[in-house]
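**Q** Please construct the entire structure, taking both the sequences and the accompanying hints into account.
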Amino acid sequence: MDLFRTAEKMGFQWLKILNKDPRLDGMDDLSGTEIPLHYIFKLASHAIHLVVFYERSGHYLWHGPLRLKQHMDRKFVPFRKLHFGRYPGAYEKPELLLASIDDLKVQIPKNPSSFLEEISHSRFLECRYREARAFFQLYPDDASLDAVEFRKKAKSLLHLAALTLNNLGVKFWLSSGTCLGWYRQCNIIPYSKDVDLGVFIRDYKADIIPAFQKAGLPLKHKFGKVEDSLELSFQGEGDIKLDIFFFYEEDDHIWNGGTQAKSGKKFKYLFPKFTLCWTEFVELKVHVPCETLQYVEANYGPDWRVPVKMWDWKSSPSNVQDNGVWPVDEWDDVIQIY
Amino acid sequence: MDEWKPNPVVKPHKKRSWYLAWKYKLMNQRALRKLCQTGAVLFLLVTVIVNIKLILDTRRAAYEEEEESTQDYDDEMLNVEVPRHPASTRKILDVEVYSSRSKVYVAVDGTTVLEDEAREQGRGIHVIVLNQATGHVMAKRVFDTYSPHEDEAMVLFLNMVARGRILIFTIKDEGSFHLKDTAKNLLKSLGSQVAPFLSWRDMWTFVGKKGGEVYGEKHAKSPALSTWGDPVLLKTEVHLTSMEDAECHWPDTELNRRRRRFCSKVEGYGSVCSCKDPTPIEFNPDPLKDNKVFDVPVAVIAGNRPNYLYRMLRSLLSAQGVNPEMITVFVDGYYEEPMDVVELFGLAGIQHTPISIKNARVSQHYKASLTATFNLHPEAKFAVVLEEDLDISVDFFSFLSQSIYLLEEDESLYCISAWNDQGYEHTAEDPSLLYRVETMPGLGWVLRKSLYKEELEPKWPTPEKLWDWDMWMRMPEQRKGRECIIPDISRSYHFGIVGLNMNGYFHEAYFKKHKFNTVPNVQLKNVESLKKDAYEIEIHRLLGEAEVLDHSKNPCEDSFVPDTEGKVYVMFIRMEQEADFTTWTQLAKCLHIWDLDVRGNHKGLWRLFRKKNHFLVVGVPASPYSSKKPSSVTPIYMEPPAKEEGAVAVPAVAAAEQT
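Residue numbers (full-length UniProt numbering), protein chains in the order written: chain A, 1 to 338; chain B, 1 to 659.
Incorrect hints may have been included.
[Said to hold, decoys possible] Think about it this way: if two alpha-carbon atoms lie no more than 27 angstroms apart in a straight line, the pair counts; the simulated DSS-like pairs of lysine-lysine are: (1) K381/B to K93/A; (2) K155/A to K180/B; (3) K152/A to K459/B; (4) K91/B to K155/A; (5) K513/B to K532/B.
[What the hints assert, rightly or not] What follows is a list of derived Cβ distance ranges for each label pair: (6) H71/A to R257/B: 17 to 25 angstroms; (7) L97/A to N501/B: 29 to 37 angstroms; (8) D295/B to E95/A: 51 to 59 angstroms.
Since the hints were made in silico from the structure, they are not lab data. Where is the CB? At the ideal position from N, CA and C, for every residue including glycine.
**A** Written out as structure tokens, the structure is:
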């Protein structure tokens, strides 16, 4: 390429990092040529790190990790100091602006601070397609019309929920059955009855309920209160509902609460502390716990790989604990069903 | 006793041998001793040096490049009996060729490059082409010269192979029955002594260089008509040449580097590898003004028919408005040659690990390719889907550029296809004309992303369902009453003779005489009228203008249509209900158009051309256009023939009734 020859003429040394194209990952086994992920141009003690972003389904930009191959010079530049490349990253597609900097015409993001802010939590996880294929070898996928219909509905519900929460600026992640579906089989579990999302209680906004109402998802029930075990459930099209679990952070663990409407019993689900990573799920860029295995094992136990069609939220989860009962005088507040 | 005094006169007694005396004399001389010691040390040093040199020399020889070592080789070396060639310097190839009734094999340097002992297949002459510098297999073919015309194909193939290549021939079962003189003469010119006399059930092997020497030939005559010749095993040596001798000296450009990589790996592609005036591999078709499909990804679905793929890509890259960066070839399996062809043209290729069998394998390959296409181009709203056995018309992208907005704006459309199922040389006339049809022809079409992602992909047939993907797409559950836009004259030509659903006879009957557009830059007429409601207005207008033909005549006869040009005629056939295609099928059969299933209809109406006149066929009373039928006309009814060989459908012409 002319770029490299010109750079060399100017005295630059350069390094190219290629790797497999993750857009070819999926339920099929495809392989094409490697794609460029990073270029590093070095001149004297300066280095220019060219990060190659690819647009992916779900309207986001992705860049790959920077991994050196065997023959590459590990001292080429101080790699550990680079801002991009420790992990693959996902970013909102920024609008670009032509700017003049030092008499050079360059494109910069229209909102530089927002772009830069994304760096610290841009870490991206690919779905585990190989494991998903292995899972389907053992447990063939349900190809019935009902399953197809459910998946379709769940996908559009998830897209709508994501749109609504993103507009409100509320951070959320895939939780429970939806998270298990992503982790285990890279798809929505056809017999899971609903879509489950998680939100940190500190991110709660009162606007959530009216926003969903406006989006066509009326509130079906509200359990608990902001201070304790809050849980919201919205009615989607047909039989399917959207459950939002609010998570409470303690010093050494995170938990969310559940309520049994008829008895006022409270339940607590414990999770080890986790951070959030991006991933792509049913053509959507969403968060999942970075430490997904821990999260899934906490919720579903060591046998999470085995499909369980009969799931009782009160007793099946491995991390469920009795948490007492709501005082009767609070019931009107903490148990609201519409 | 007195003191003994030595006798001064008598000499001392010499009892010792002169050897010993000499030896002791030497040993006693210091200088000589020193000399011997240094001599011994020197001798030791010399042997050590010689040994080290020997070790270094052999090491260097072991690491030398193959090419360099071949240059050192003298012809004289060949006469030396070398029992085993060192693996690092393959200057000579050991070639073994076996020919027999039920088995053939060819081994090069101990590696089997061809082995066929399957029953009921692989009959005829097997040909292997080796690169004369590397010994690599460049092409493998089998010509069933027991059957007619295969010898012609073999002659064509051999004429395309470059001079200097090593050719290996071996017969399995029978290869002489339809081996005619032209082929025999060609083999004779290659140096074969036996070929001109090959006869029934003879076994034969031959290794020679095209335009050069013969390396070996062995033959076994069949003793009697009912038996085969004895199996023949030919063992011979072929000496390799240098790389320079095996390659052409094209000017060093990026294109020629690609060409060189291809031509030194693969044979059988003819003039693209000619040393003089090789066929171009880059095409510069005219750009298309206001190209609405420049950013639409093109998926070429391919299997293992690299010579087809080569032909197809040439025509695709020559089409006006093509954007090579948007083309991805998906190969169904880890086959090298199709990928070599893709790289020759500088295109992107992706290999797919095949799953399942037969038509299910094809259907899974389509799914994987379409999903990957939309993943690689997430912003695309459409994808063009092509196959490796299609010629693409020069105005293919122009055709799509003018019509694609319909797919975007009209929800009642399922696809746009370049193929008119009924568009034969005698039934298609107007390159600027478009139709709406209730079928999905495939064979070069545009898929809407929303249709794929929302409807088709989630319920695509699973790998164990042995269904044809296109039949599945045509089912009402998938098509949901939507229609495709097709041109009167197809913008693709199906040339594939070999394939999962193809054979020579099928091709001859249904594909060979298909009309294919070769006019560039055709401006499509009245594209807006292809939208759902506008099309109905257009049909009504046409039917109003159409002259009703004489229904007492036989519609299969040419005389059914008057000897005019450019007029519009209409004919009414019996169609009891929506799915009654009895008469249509018989009509299609006698008109020699597609009759294997019903294609090309739009609400019980078919449109084609006869003798350059527009010819409309309306099914009465099922079609809503039946209202246009004059009351005096009885719709023609044609029955399928009684199950007799050779019976032809005769239109049941009802007596002209005045109703």
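**Q** State for each hint whether it applies.
**A** Taking the hints in turn, this is what the structure says about them:
1. K381/B to K93/A: OK: K381/B and K93/A at ~18 angstroms, within 27 angstroms.
2. K155/A to K180/B: 65 angstroms, violated
3. K152/A to K459/B: Holds - the C-alpha atoms of K459/B and K152/A are around 10 angstroms apart, at most 27 angstroms.
4. K91/B to K155/A: 63 angstroms, violated
5. K513/B to K532/B: 31 angstroms, violated
6. H71/A to R257/B: 17 to 25 angstroms: Taking Cβ atoms as reference, H71/A and R257/B lie about 23 angstroms apart, which means the hint holds.
7. L97/A to N501/B: 29 to 37 angstroms: 54 angstroms, violated
8. D295/B to E95/A: 51 to 59 angstroms: 19 angstroms, violated
Hints 2, 4, 5, 7, 8, counting from the list given before, are not met by this structure.
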